[in-house]
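Line by line, the protein sequences are chains G and E. Heads up, the first sequence is in our numbering, so the first residue is 7 and it goes up one at a time. Heads up, the second sequence is in our numbering, so the first residue is 7 and it goes up one at a time.
Read the hints as simulated data drawn from the structure, not as lab findings. Some hints could be false.
Since copy identity is lost for identical chains, a pair holds within one copy or between any two.
In silico lysine-lysine, DSS-like type, Cα no more than 27 Å apart, as pairs [to be verified]:
{"id": "1", "residue 1": "K221", "residue 2": "K112"}
{"id": "2", "residue 1": "K236", "residue 2": "K112"}
{"id": "3", "residue 1": "K347", "residue 2": "K295"}
{"id": "4", "residue 1": "K287", "residue 2": "K329"}
{"id": "5", "residue 1": "K329", "residue 2": "K130"}
{"id": "6", "residue 1": "K130", "residue 2": "K295"}
{"id": "7", "residue 1": "K221", "residue 2": "K115"}
{"id": "8", "residue 1": "K190", "residue 2": "K259"}
{"id": "9", "residue 1": "K130", "residue 2": "K190"}
{"id": "10", "residue 1": "K130", "residue 2": "K236"}
Number of protein chains: 2
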Amino acid sequence: PYMKKHNFFAGPAILPAPVLEQAAAAVSDFEGMGLSILEISHRSPQFVAVLNEAEALVRELLGVSDDFAVLFLTGGASSQFFVSAMNLLNEDQTAGYIDTGAWSAKAIKEAKNFGGVNVLASSKDGNYNYIPENIEIPSGLQYVHLTANNTIFGTQFAEFPETDAPLVADMSSEIFSRRLPMEKFGLIYAGAQKNMGPAGVTLAIVRKDLLGKVKRTLPTMLDYRTHIAKQSSFNTPPVFPIYVSMLTMRWVKAQGGVEAMEKHNADKAQLLYDEIDRNPKFRGTVANKASRSLMNVTFEPVDEADAQPFLDACEAAGCVGVKGHRSVGGFRASIYNSMPKSSVQALVDVMKSF
Amino acid sequence: PYMKKHNFFAGPAILPAPVLEQAAAAVSDFEGMGLSILEISHRSPQFVAVLNEAEALVRELLGVSDDFAVLFLTGGASSQFFVSAMNLLNEDQTAGYIDTGAWSAKAIKEAKNFGGVNVLASSKDGNYNYIPENIEIPSGLQYVHLTANNTIFGTQFAEFPETDAPLVADMSSEIFSRRLPMEKFGLIYAGAQKNMGPAGVTLAIVRKDLLGKVKRTLPTMLDYRTHIAKQSSFNTPPVFPIYVSMLTMRWVKAQGGVEAMEKHNADKAQLLYDEIDRNPKFRGTVANKASRSLMNVTFEPVDEADAQPFLDACEAAGCVGVKGHRSVGGFRASIYNSMPKSSVQALVDVMKSF
Ligand SMILES: Cc1ncc(COP(=O)(O)O)c(C=O)c1O
Ligand SMILES: Cc1ncc(COP(=O)(O)O)c(C=O)c1O
Ligand SMILES: [Mg+2]
Ligand SMILES: [Mg+2]
Ligand SMILES: [Mg+2]
Ligand SMILES: [Mg+2]
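Input sequences plus hints: build the corresponding full structure.
In structure tokens, the structure reads:
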């Protein structure tokens with residue numbers, strides 16, 4: 007009924023069209039209950055089924071074993087910056103952090119209130135335009151934190167570093183985009199609003215044996231164990247954001263799971279990076295190909311005078327959200343799981359005829 | 007298109023029918039943007055306008071001056087139990103708490119981790135079936151915390167206690183249901199999912215001059231000042247829950263504001279309490295009329311054998327959510343702002359013909 011745009015926003019971001027259709031229907035009437043999904047009890051069997059399915063889908067899509075808890079929380083990835091350290095790091099212990107930009111820097115800042123922080127590597131010297139390689143990681147760290155995909159700078163860890171400490175990873179802008187070596191992780195967290203669902207829910211996948219070891223008193227709501235014991239319903243969870251995330255995971259599964267997403271995402275990213283490299287009017291902002299993100303493609307005009315005209319051309323072609331983050335400038339095309347190749351092609355067409 | 011139920015759930019709870027209609031439409035296409043409201047940036051002018059209107063409506067509906075900040079947070083009222091004390095109470099200070107049941111008890115428990123707690127009064131001796139009166143409040147308290155309306159026990163403060171300390175009030179199950187003496191309050195908080203919107207957003211109205219006085223280091227996301235400085239957009243706010251809350255507030259305003267709600271709610275509550283009192287098969291569970299909630303009407307069968315048959319009769323008449331909370335038993339009819347009198351009448355009709 008409306009002219010659908012090509013949505014390149016970094017987050018909240020594009021969701022699959024069939025998910026949006028089902029979500030709209032559930033707001034009118036949820037599963038024939040005669041009630042909207044917005045007005046049903048979180049303890050109703052219908053919503054408990056949604057929550058159970060959401061957890062099962064996370065486990066299935068990423069191969070998450072029972073050693074881990076799967077939690078649907080709130081507060082965004084920004085809250086996990088401190089909640090992760092609060093739950094996992096004592097005053098007299100040290101965690102390693104890899105600094106690949108704004109999000110890592112915030113995680114580092116918050117962790118320092120809870121214990122020792124050892125910044126193992128940083129790409130600050132290049133305005134975060136690369137992922138540090140061959141990082142020397144000392145032993146004895148409580149965990150090693152990294153931003154798997156940096157949404158702002160368009161960088162992504164192609165491989166995860168080798169370390170004897172569990173990895174704690176902010177996967178906000180790449181969750182479900184590729185297969186993961188789960189055995190390396192102690193905690194994965196992600197704000198939903200990029201690759202998983204709408205804003206308002208935060209996924210946490212945490213290895214249970216790491217919990218209950220800090221000496222401080224945790225507020226009940228900040229202790230992962232509270233939410234584990236009550237299956238994310240200690241208090242009222244964000245019902246609708248969880249429902250739409252579940253629908254999105256169902257959609258990922260129907261497409262062939264994260265393995266299929268991985269191929270689909272590599273394919274879309276190549277289409278766009280190839281054009282950036284080929285086209286003399288544009289260049290990528292990331293220093294090397296190995297550091298390039300498959301989720302957030304950052305580039306810039308060779309001639310600064312082309313910046314606004316190109317954004318105008320994008321808008322005219324129905325491509326929205328292409329403007330780069332203010333701290334980098336230039337352009338950013340976020341091409342998450344739900345982005346069809348045809349939308350990437352639409353953007354490439356604008357570049358070709360620009 | 008569907009058989010609408012009479013929704014007596016305690017929360018998440020009934021929302022106005024026109025709000026649900028607009029919400030469903032926005033999930034398909036938001037304001038002709040060619041995008042769903044679930045996939046637009048929280049920094050887009052369209053959503054910034056929603057956030058501004060939501061704040062303005064809170065201010066207008068409750069008469070909130072510039073001395074207060076109006077914040078849209080996450081984590082539910084359960085997070086405010088500790089966040090309020092963390093922001094307002096030093097280790098060497100004492101706050102007063104009035105204990106009117108489960109929710110107060112949780113607030114008390116969480117506050118004890120941050121400073122002194124003086125329980126000024128409790129109705130525990132009567133399984134919380136009344137609101138303590140003529141409470142003696144010493145001076146020198148940092149604030150006095152109360153649960154304005156107790157959702158579980160069906161009790162409500164008809165008047166707020168006199169004290170020289172600012173009141174901190176959990177208004178989760180009564181926000182926007184009546185006019186408030188704002189000059190008495192230092193902080194009001196409410197999970198949205200009863201009287202304000204869907205689950206996933208938490209309202210906080212805080213007097214700005216009370217902030218910045220505690221000595222502890224606050225995690226950035228837990229400092230009210232962070233969210234004041236960034237107008238509830240320091241990180242990604244729960245876009246859709248805020249949007250639907252804004253629509254609900256617009257609806258309250260269109261009905262004549264909280265003054266009209268107050269009359270409407272008193273009228274509905276009287277209809278139901280009159281039938282409870284008149285009908286020999288039912289009795290109220292609250293000890294005195296002054297303590298009765300206008301939001302959550304708790305009652306029980308005189309003959310315990312009537313319990314299940316009455317719930318069945320309710321279901322048959324399309325009245326859902328009438329079962330009492332497990333800690334009280336019996337029945338509970340939650341009749342929030344959005345509940346039409348015709349739905350209360352439908353329940354009364356079931357009682358009359360039972
Ligand atoms: C990698 C990354 N981490 C953290 C955040 C912050 O997430 P939130 O807004 O959910 O707190 C974002 C997005 O905004 C992000 O892209
Ligand atoms: C009075 C009151 N306070 C607090 C809560 C807990 O709220 P939330 O689930 O938003 O944490 C509730 C409802 O469940 C409530 O009724
Ligand atoms: Mg980073
Ligand atoms: Mg080029
Ligand atoms: Mg209480
Ligand atoms: Mg009676």
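task = Up to 27 Å between alpha-carbons, please classify K287 paired with K329: within, between, both or neither.
result = within (16 Å within a copy, 67 Å between copies)
inquiry  = At most 27 Å between CA atoms: does that hold for K190 and K259 within a copy, between copies, both, or neither?
reply    = Answer is within; shortest intra-copy Cα gap is 23 Å, inter-copy 53 Å.
query = Which holds for K130 with K236 at a C-alpha limit of 27 Å: within a copy, between copies, both or neither?
reply = Between copies only: 26 Å across chains, 41 Å inside a chain, cut-off 27 Å.
inquiry  = Please sort K221 with K112 into within, between, both or neither, judging by C-alpha distance up to 27 Å.
reply    = Cα proximity of K221 and K112: in one copy and across copies (24 Å, 22 Å).
ask   = Checking K347 and K295: alpha-carbon separation at most 27 Å within a copy, between copies, both or neither?
value = within (21 Å within a copy, 65 Å between copies)
request  = Evaluate K329 and K130 at a C-alpha cut-off of 27 Å and name the case that applies: within, between, both or neither.
outcome  = Answer is within: at 22 Å inside a copy they meet the 27 Å cutoff, but 58 Å across does not.
key: Homomeric proximity label, K130 with K295: Cα distance no greater than 27 Å   = Answer is within; shortest intra-copy Cα gap is 18 Å, inter-copy 66 Å.
Same-copy or cross-copy closeness of K221 to K115 [CA-CA at most 27 Å] = both (21 Å within a copy, 18 Å between copies)
key: Status of K112 relative to K236 across identical chains (alpha carbons, at most 27 Å)   = For K236 and K112, the Cα distance is within 27 Å only across copies (16 Å; inside one copy 29 Å).
ask   = When no copy is specified for K130 and K190, does a C-alpha distance of 27 Å or less occur within a copy, between copies, both, or neither?
value = within (25 Å within a copy, 49 Å between copies)
In this structure, every one of the numbered hints holds.
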